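Chemist: Counting from 68, one number per residue, gives the positions in the sequence shown under the numbering used here.
Among these hints, one or two may not hold up.
Said to hold, decoys possible - What follows is a list of derived Cβ distance ranges for each label pair:
1. Leu90 to Asn118: 42 to 50 Å
2. Thr116 to Ala80: 46 to 54 Å
3. Lys83 to Pro104: 26 to 34 Å
4. Val97 to Leu76: 16 to 24 Å
5. Gln100 to Leu76: 33 to 41 Å
6. Asp114 to Arg74: 40 to 48 Å
7. Pro104 to His75: 44 to 52 Å
8. Glu107 to Ile86: 26 to 34 Å
9. Thr116 to Ala84: 46 to 54 Å
10. Pro108 to Val82: 35 to 43 Å
11. Phe96 to Met68: 43 to 51 Å
Simulated from the structure, these hints should not be mistaken for laboratory data. Just so it is clear, the structure is predicted and the values come from calculations on it, not from any experiment. Every residue, glycine too, gets a C-beta built ideally from N, C-alpha and C.
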Amino acid sequence: MYGWIWRHLPGNAWVKAVISLVLVLAIVFVLFQWVFPWAEPLLPFNDVTVNGGGSAG
């Protein structure tokens, strides 16, 4: 898959590297702005159950 993307990007190796970096940054931006906030309520990280009423120590 990455080879296919690399072959289809225009320019020499430096231009392809810059375009690849921009694409990766754009994907990370989209994930943090829209995908992760949408998925957070669906994940069980805040569903904490503490059992027992004893004291620590």
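Chemist: Does the Cβ distance between Thr116 and Ala80 fall inside 46 to 54 Å?
Modeler: holds (53 Å)
Chemist: Measuring from beta carbon to beta carbon, are Glu107 and Ile86 in 26 to 34 Å?
Modeler: Since the Cβ atoms of Glu107 and Ile86 sit about 31 Å apart, the hinted range of 26 to 34 Å holds.
Chemist: Using the Cβ atoms, figure out if Asp114 sits within 40 to 48 Å of Arg74.
Modeler: Holds: the Cβ-Cβ distance is about 45 Å, inside 40 to 48 Å.
Chemist: Starting from the range 35 to 43 Å, see whether the pair Pro108 and Val82 falls in it by beta-carbon distance.
Modeler: holds (41 Å)
Chemist: That 44 to 52 Å hint for Pro104 and His75 (C-beta), does it hold up?
Modeler: violated (31 Å)
Chemist: Note whether the CB distance of Lys83 and Pro104 lies within 26 to 34 Å or breaks it.
Modeler: holds (32 Å)
Chemist: Lying within 16 to 24 Å: is that true of the beta-carbon distance Val97 to Leu76?
Modeler: holds (19 Å)
Chemist: Falls inside 33 to 41 Å, the C-beta gap from Gln100 to Leu76?
Modeler: Violated - the Cβ-Cβ distance for Gln100 and Leu76, about 24 Å, lies outside 33 to 41 Å.
Chemist: Taking 42 to 50 Å as the stated bounds, is the beta-carbon spacing between Leu90 and Asn118 within them?
Modeler: Taking Cβ atoms as reference, Leu90 and Asn118 lie about 47 Å apart, which means the hint holds.
Chemist: Cβ-Cβ distance between Phe96 and Met68: within 43 to 51 Å?
Modeler: The hint (43 to 51 Å, Cβ to Cβ) is violated, given that Phe96 and Met68 are roughly 21 Å apart.
Chemist: Range hint 46 to 54 Å: satisfied by the CB atoms of Thr116 and Ala84?
Modeler: With Cβ atoms ~48 Å apart, the hint holds.
Hints 5, 7 and 11 from the earlier list are contradicted by this structure; the remaining hints agree with it.
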